[in-house]
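Trainee: Listed below, chain by chain, are the residues.
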Amino acid sequence: DTAVSQTPKYLVTQMGNDKSIKCEQNLGHDTMYWYKQDSKKFLKIMFSYNNKELIINETVPNRFSPKSPDKAHLNLHINSLELGDSAVYFCASSGEQVAEAFFGQGTRLTVV
Amino acid sequence: AQSVTQLGSHVSVSEGALVLLRCNYSSSVPPYLFWYVQYPNQGLQLLLKYTTGATLVKGINGFEAEFKKSETSFHLTKPSAHMSDAAEYFCAVSEGNTGNQFYFGTGTSLTVIP
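Protein chains in written order, with my numbering: chain A, 1 to 112; chain B, 1 to 114.
Keep in mind the hints are simulated off the structure, nothing from the lab. Because the structure is a prediction, the values reported are computed rather than measured. Ideal Cβ placement from N, Cα and C applies to all residues, glycine included. Watch out, some of these pointers could steer you wrong.
Claimed, not checked - The list that follows gives simulated cross-link-like pairs (lysine-lysine, BS3-like), each with its CA atoms no further than 27 Å apart:
#, chain 1, residue 1, chain 2, residue 2
1, A, LYS44, B, LYS49
2, A, LYS36, A, LYS71
3, A, LYS67, A, LYS44
4, A, LYS67, A, LYS36
5, A, LYS44, A, LYS19
6, B, LYS69, A, LYS44
7, A, LYS52, A, LYS9
8, A, LYS71, A, LYS44
9, B, LYS49, A, LYS71
10, A, LYS44, A, LYS9
11, B, LYS68, A, LYS44
12, B, LYS49, A, LYS41
13, A, LYS67, A, LYS41
14, A, LYS36, A, LYS9
15, A, LYS41, B, LYS58
16, A, LYS19, A, LYS36
17, A, LYS19, A, LYS52
18, B, LYS49, A, LYS40
19, A, LYS36, B, LYS49
20, B, LYS68, B, LYS58
21, A, LYS9, A, LYS40
To be verified - Distance ranges between label pairs, derived from CB positions:
#, chain 1, residue 1, chain 2, residue 2, range
22, B, SER80, A, HIS77, 42 to 52 Å
23, A, MET15, B, GLY16, 47 to 57 Å
24, A, LYS41, B, GLU95, 15 to 25 Å
25, A, SER80, B, ALA54, 42 to 52 Å
26, B, LYS58, A, MET15, 41 to 51 Å
27, B, SER80, A, ASP18, 43 to 53 Å
28, A, LEU27, B, TYR39, 19 to 29 Å
29, A, VAL98, B, SER109, 23 to 33 Å
30, B, GLY62, A, GLY28, 27 to 37 Å
Please model the complete structure; the sequences and the hints are all you need to start from.
Mentor: Encoded structure:
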């Protein structure tokens, strides 16, 4: 079973569209994250949720809105997509019993 | 505030040669330190971690790293490079508290020359 799973793996869409990326973890972790990896491979934290509550909200456009229906899920909704949103988005999770973060396989978003 | 610096965005080594990837961190509290590897079109996979205790930690695929508090370093090494080691490597630091942020370095791309 995949520990942290994201869907879709690839997403190609036009500017101005709204899209969502889903993330689920089956590790029983309390904390989930969204990271953005740009073309230079730099990883930037976007959001972090702990037990469904937002605890980190870095400076990202308010077109990006995370939603956590329960502590096993953290979805990312993006409104009015722009060319600069093209990147790989990673979901991750961590918990009290482990020190590290576990990452999903990533969603490659291409805005055309 | 915490930060991570990885010296050398690109490192090339010959197959069988020593791999040394450098990582320095800054942290106001005792850090948890990590090395992750990313193969093309894949997510990040944990190589090894330091939390407490022994400062020399061993990870998967023959990699190891040593936490040196006086030098604020956590360099990654492997005695003999394999072609399969070619990947992107990320050093990361956290404060180790639940829900805390993981701060990543800018990554080092390792090329292994046959």
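Trainee: Now tell me if each hint is right for this structure.
Mentor: Evaluated hints:
| no. | hint | in the structure |
| --- | --- | --- |
| 1 | LYS44/A <-> LYS49/B | holds (20 Å) |
| 2 | LYS36/A <-> LYS71/A | holds (21 Å) |
| 3 | LYS67/A <-> LYS44/A | holds (19 Å) |
| 4 | LYS67/A <-> LYS36/A | holds (16 Å) |
| 5 | LYS44/A <-> LYS19/A | holds (20 Å) |
| 6 | LYS69/B <-> LYS44/A | holds (25 Å) |
| 7 | LYS52/A <-> LYS9/A | holds (24 Å) |
| 8 | LYS71/A <-> LYS44/A | holds (22 Å) |
| 9 | LYS49/B <-> LYS71/A | holds (25 Å) |
| 10 | LYS44/A <-> LYS9/A | holds (19 Å) |
| 11 | LYS68/B <-> LYS44/A | holds (26 Å) |
| 12 | LYS49/B <-> LYS41/A | holds (21 Å) |
| 13 | LYS67/A <-> LYS41/A | holds (25 Å) |
| 14 | LYS36/A <-> LYS9/A | holds (14 Å) |
| 15 | LYS41/A <-> LYS58/B | holds (25 Å) |
| 16 | LYS19/A <-> LYS36/A | holds (15 Å) |
| 17 | LYS19/A <-> LYS52/A | holds (21 Å) |
| 18 | LYS49/B <-> LYS40/A | holds (24 Å) |
| 19 | LYS36/A <-> LYS49/B | holds (22 Å) |
| 20 | LYS68/B <-> LYS58/B | holds (15 Å) |
| 21 | LYS9/A <-> LYS40/A | holds (19 Å) |
| 22 | SER80/B <-> HIS77/A: 42 to 52 Å | holds (47 Å) |
| 23 | MET15/A <-> GLY16/B: 47 to 57 Å | holds (49 Å) |
| 24 | LYS41/A <-> GLU95/B: 15 to 25 Å | holds (24 Å) |
| 25 | SER80/A <-> ALA54/B: 42 to 52 Å | holds (50 Å) |
| 26 | LYS58/B <-> MET15/A: 41 to 51 Å | holds (48 Å) |
| 27 | SER80/B <-> ASP18/A: 43 to 53 Å | holds (50 Å) |
| 28 | LEU27/A <-> TYR39/B: 19 to 29 Å | holds (21 Å) |
| 29 | VAL98/A <-> SER109/B: 23 to 33 Å | holds (27 Å) |
| 30 | GLY62/B <-> GLY28/A: 27 to 37 Å | holds (31 Å) |
The structure meets every hint from the earlier list without exception.
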